[in-house]
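Chemist: Each chain, written out:
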Amino acid sequence: MAGNQINRLSGKGLVDHGKTVSFQFDGEAFSGHPGDTLASALLANGVRLVGRSFKYHRPRGILTAGSEEPNALVELRTGARREPNTRATTIELYDGLDATSQNRWPSLKLDVLSVNQLATPIFGAGFYYKTFMWPAAFWEKLYEPMIRRAAGLGYPSKLSDPDHYEKSNAFCDVLVIGSGAAGLSAALAAAKAGARVILCEEDFELGGRLLAESDEIDGKPAQEWARAAAAELESLPDCRIMRRTTVFGAYDGGVYGAVERVSDHLPVPPEHAPRQRLWRIVAKQSVVCAGGIERPILFGNNDRPGVMLAGAVRTYVNRFGVAPGRTAVVFADNHDALRTATDLAAAGVAVRAIVDPRPQASAAAEQVAGEAGALYIRGGIENVRGALGIKSVRVKDAQGGTKEFDCDLLATSGGWNPALNLTTHLGGKPAWDSALSCLVPGEDLPPGMQVAGAAAGQFSLQACLASGEAAGAEAAKHCGFSPSALRRPAPAQDRAPATPVWYVENSRGKAFVDFQNDVAVSDVKLAAREGFRVPDHVKRYTTLGMATDQGKTSNLNGAAILAEATGRYLGAVGSTTFRPPYTPVALGALAGHHRGKDFRPTRLAPSHRWAEEQGAVFVEVGAWMRALMYPKPGEAAQETVNREVSNTRTNVGVCDVSTLGKIDVQGPDAGELLNRVYINAFAKLPVGKARYGLMLREDGFAMDDGTTARLAEDHFYMTTTTANALKVSQHLEFCQQVLWPELDVQTVSATEQWAQYAVAGPKARKVIEALLDAGQDISNDAFPYMACGKFTVCGGTPARIFRLSFSGELAYEIGVPARYGDALIRAIIKAGAEHGIAPYGTEALGVMRIEKGHAAGPELNGQTTAHDLGLGKMASTKKDFIGRFMGEREALNEAGRAAMVGLKPLNPKTRIASGSHLVKRDAQATGANDEGYVTSMAYSPELETFIALAMLSNGPARMGEVVKVCDPLRGNETLAEVCSAHFVDPEGGRLRV
Amino acid sequence: MRYSLASLITNALSGNRNWKPVWREPEPKPSYDVIIVGGGGHGLSTAHYLAKEHGITNVAVIEKSYIGSGNVGRNTTIVRSNYLLPGNEPFYEWSMKLWEGLEQDINYNAMVSQRGVLNVFHSDGQRDAFVRRGNAMRFYGADAELLDKEQVRALVPFVDFDNARFPVRGGLFQPRGGTVRHDAVAWGYGRSADSRGVDIIQNCAVTGFRIENGRIVGVETEKGFIGAKKVALAVAGSSSRVAQMAGLRLPIEAHVLQAFVTEGIKPLLDTVITFGAGHFYCSQSDKGGLVFGGDIDGYNTYAQRGNLPVVEDVAEGGMALIPAIGRLRILRSWGGLLDMSMDGSPIIDKTPVDGLYFNGGWCYGGFKATPASGWCYAHLIATGEPHPYAAAYRFDRFGSGRVIDEKGMGAQPNLH
Amino acid sequence: MRINCPYCGARGLEEFTYRGDATVKRPESIEESARDAWVDYVYLRDNPAGLHKELWHHGAGCHSWLEVTRNTVTHEITAVELAAKGR
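Residue numbers (the working numbering), protein chains in the order written: chain F, 1 to 993; chain P, 1001 to 1416; chain D, 2001 to 2087.
Calculated from the structure, these hints are not laboratory results. From a predicted model like this one, the values you see are computed outputs, not experimental measurements. Don't be surprised by glycine CBs; every beta carbon is placed ideally from N, CA and C.
Distance condition first, Cα-Cα at most 25 angstroms in a straight line; then the derived BS3-like pairs of lysine-lysine:
{"id": "1", "chain 1": "F", "residue 1": "879", "chain 2": "D", "residue 2": "2025"}
{"id": "2", "chain 1": "F", "residue 1": "109", "chain 2": "F", "residue 2": "391"}
{"id": "3", "chain 1": "P", "residue 1": "1064", "chain 2": "P", "residue 2": "1029"}
{"id": "4", "chain 1": "P", "residue 1": "1266", "chain 2": "F", "residue 2": "55"}
Computed list of chain F residues with no C-beta within reach of chain D, every gap over 12 angstroms:
{"id": "5", "residue": "12"}
{"id": "6", "residue": "21"}
{"id": "7", "residue": "144"}
{"id": "8", "residue": "166"}
{"id": "9", "residue": "214"}
{"id": "10", "residue": "270"}
{"id": "11", "residue": "392"}
{"id": "12", "residue": "536"}
{"id": "13", "residue": "574"}
{"id": "14", "residue": "762"}
{"id": "15", "residue": "769"}
{"id": "16", "residue": "942"}
{"id": "17", "residue": "971"}
Chain F on its own, in the form it takes in the complex:
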């Protein structure tokens, strides 16, 4: 079988050689060890070809050993759990892992779309903008579908994500980001000083580069030191270590976003465990120790599988015990990369040559080459052969001679860039360090942030340890702790000037800068030639840096080519902006459990269970679930509504109105406050009376309406519409706290505290009387229309009763503390049984309010005025109130404004659809003729016709006119007569009996 791990270095690295896990790639079975990533396991098995590039579908291998990987992207898992574009270099190997290569057809080795490569001369940067324009209609039909199918990378699952996600908050003094030499040192320094520390590490092992290098610290192997440091941190009481956790963004106020991959290293999440968890970490101080990211030197065909960053080669050798090749060439412009030759040789890999592109020969490099048994050549890589995996490289030396080396691994390094992304998330700009030839964190760091180690441009091990310790101590000090004296002095000289080489001139074939997006050196030059001269323009024109790695391995090389092409100093060219997230974050994690039924909280009225028992059909009203109707078996919806309406109008009905906003207004100035928020007067409302009120926004348009009752001299009880409860409550608080703090009044929402039911119909009084405790009188004389008062019902239960009516019938609203709501509705039904009581839902409620011409949500749409709603006469002229002045502006009082009217279809059986527009009887349905729109419609069982409310230009003056109701959206036109909106009992006699 395959999977004999031909490239595994026995006994080497941190993987558990004693255990074997099996996995599949493209349907083929392989094995690896616990501690492997998918990438290391594939390399161990001799698999080099892993993916295809975005545009040219070129064969690609593994470039890195970390989250910056641009090439080795796979589809991980299958079915509903399929994750496209997952980096093989960060996938922790688990038993049964199933991964598939992507962006190829029919197979990874034979990909038809690789013919795109043949067209590379035309497919240069920005070619899309110059073509596909002829003929115009072909874009959507032909070109775009073709481009879309070829683009993208992996296939998304179209099935609902079956896993769960969580969100959590954490607070600390010092957040340390990264657990390499600098991070561990920082965390130790801060935690030992007494600070509460959180240490986040994106990897599953602590140690960072310490795991990948054959370094020593304090005379011990670095990996051992890391283990000891981790153990010490674990033992400290206020230090929390979070592995598999990427801090992806810095936000205002010391808030950091992090995602913990709780179960991604398992086949499926354990029961009740989330797949991932979003952390909002609030830190007084942070220390960014995110390390560095190596950059390649670019040359022709530098994307062949087998070309790998030198640091990654060491990671595979030292951490994973894998030889990424058998015969290697090292191509680097820096001292750090020389260790690659040493480590490879020590692992038994033949190193053919160290190729050094720098102008001056390096004695150190020459010595390393000698020790590793390799040639030292000053020169560059001219070409790489081997489409599906490199077979040889051609080296051109400084004298112009060329030499071909057979090899299957080319380790390359152009130096390191600090991973400084987080330092710029709040708008800070990185600074150019001319000695190091890289961007380093700038001056304007986020408040409370320190940077240490490679992320700060402190690349040597000694500098990482020392700067980490210093930054950790400093952070603790800012939090009020007293760290002990630093143990590690900063190294005297840690700034070996770099002599960076960005790309090899005149090499053969395309030299790729952005591997995934197939952006070559020539593309950057072309963009510069066409006038795209700032990094952002180049990015947007060529897509450089827009791939899933966001340019981690390509941005600086791109900027360097741009600088050269435009004759500018690299440090002056600038960079594109680093944006969150640092590495891509699953949408599921950011959403947490807010999906499906739990997308938003569900509010249930106190009698919800009772309504369920009655077979109610519910409807979402804001956050509430309200009973829409109470159908009987075999009833059609319209029949149910007609029955509920008719029964209420002839007998008695009950409707749960608990969801209406209810606000308690108390204090000596309560009446004055209401006077200022309602257009009509409330200050002189007698105790024991309720009044309908309309409130405006300050711009003069209607905001909300409702009734407010005076329960005592200094106590009002306001109701609002269900939709606006929160808004009105906030508005009152604004008025009371901001506008008029001198008023002695307090407001508080009581929506949750009171269950409230409307009992309506000619027999309503009998029902209420049956509930009242003895000795209380609600006769018409004692308790007339718009009366209110405190009573007791059902044997001592406190109740507030309001003689209000939305339905137009004799009606009472009865409120009890919410905990009695369920009992009260059952009592009402029981008491009403002999009178034929039946519950009615919001649909019947809506019919009755339309029959009565009461404005509701569709009319109170934020675009209508008191006048438009027919309520203009209510406005007091004696007082200022919110919206009064602006409500008097000319356009709000023009005669032609659309105002509320009723409509009756000429044919009573014809629906007048809400949302239809109105034109004159003989006019066409055009914008110029538009005179208004239908807001609400219903079938009136009493009038046996469809009826509607509408906003019609100059409507109240057009009673009796026939207008055309146009619904071109659904192809309907009908004629209707303009009439009063008060369809039923316009004199209101039924209310007062």
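Given chain F, work out where chains P and D should sit, using these hints.
Modeler: Positioned in the frame of chain F, the structure of chains P and D alone reads:
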């Protein structure tokens, strides 16, 4: 250089070495007939239409950074004309028509993709509001279709129909709506304006206005004073800052709107979709990423970045609408500064300073308005009269009450 | 962003809602002569880049309206007071 199949092939054969800069990099002249402040979509389209439709070519577009660095390169690329009110719908429908002919007009492929814009609704009330809107669109000659739940399902089968907190009951669909490659709009207009003689001056911030006897005579810039007979502002989120230099106070607040893109994936979403029960709108770019956004962060800001609560809110909306996207990863988030006006609608008008014109207050609608905004602004600058399609976009509407409040939210910018 | 509520302590942005400029003052007069003052109050804003006094409502906390001084360029908050001063 005109783009054609022939020019592409010719250049390919010469190794693409002969492509010329898309625009010149001129030094500013001492004075111009018109200076447009702001090299974004609106400024560049204004320059294009001034030159092409009105023959006014002695024009400079002055940009403090690189052209297209503002909102034209930061939006979610959606174009549509599904507006409700008479002040807006004809304007946006004209914009839609200009989008439809854009590429032929400017000889630049901005990838206008009329893939349809679908607004789903979740309640009868929402449906009725959409019907009112759809009928308004039809009244003004735009296209609109009301879809039932099954028709929505056919378009976007992966939407959560069965387990949603707010079930999808249907949608309002505008088939002619869609997306446009946003950067290309700036580049295409810029290239066209430049080829007609307009000077595009990048990296040149305006630092002040020179006003004599109530009349504008030029602008102070980082490159010195530049004279102008007329100066036209088109600076979106920077409107208040720039107008303040001319002593103007505006009915506008600056807010940040975040946008997001996922890693590239094979085709999933073939239309633009907006959620009706939360803040989430989404399309898939031709490159494969899902491009989406939600609500503004909601506080005054000049920082082009936002905070985590809105990121989460948008992701929640996305997961509620399309629960299959849970395993897709957000690749990048960014922010653009919105010029949020007090009634949610824009202003294209003269200012109290003679010769100084203003274009701003675009709220969420700036990108889709780009062609019509330039068209109408050029008309105003050239003729001194508002274009009929933009006749309602006046400063005095706030005093008179002729506000254009699509959402009915009143004078609070962050609610529009 | 986090706001240090005088009653509740430092709380996350998600607990608050924003209203806007705290420096605009509602005119006392409803006479026609106050027209410009009203239009200014309801519609015109300084919208500065820099320090901004603004109103936030702690709706998920104590329901206080707060006057927050915040830099609109850096988002740094330098002062938080109750809007109802002296109560």
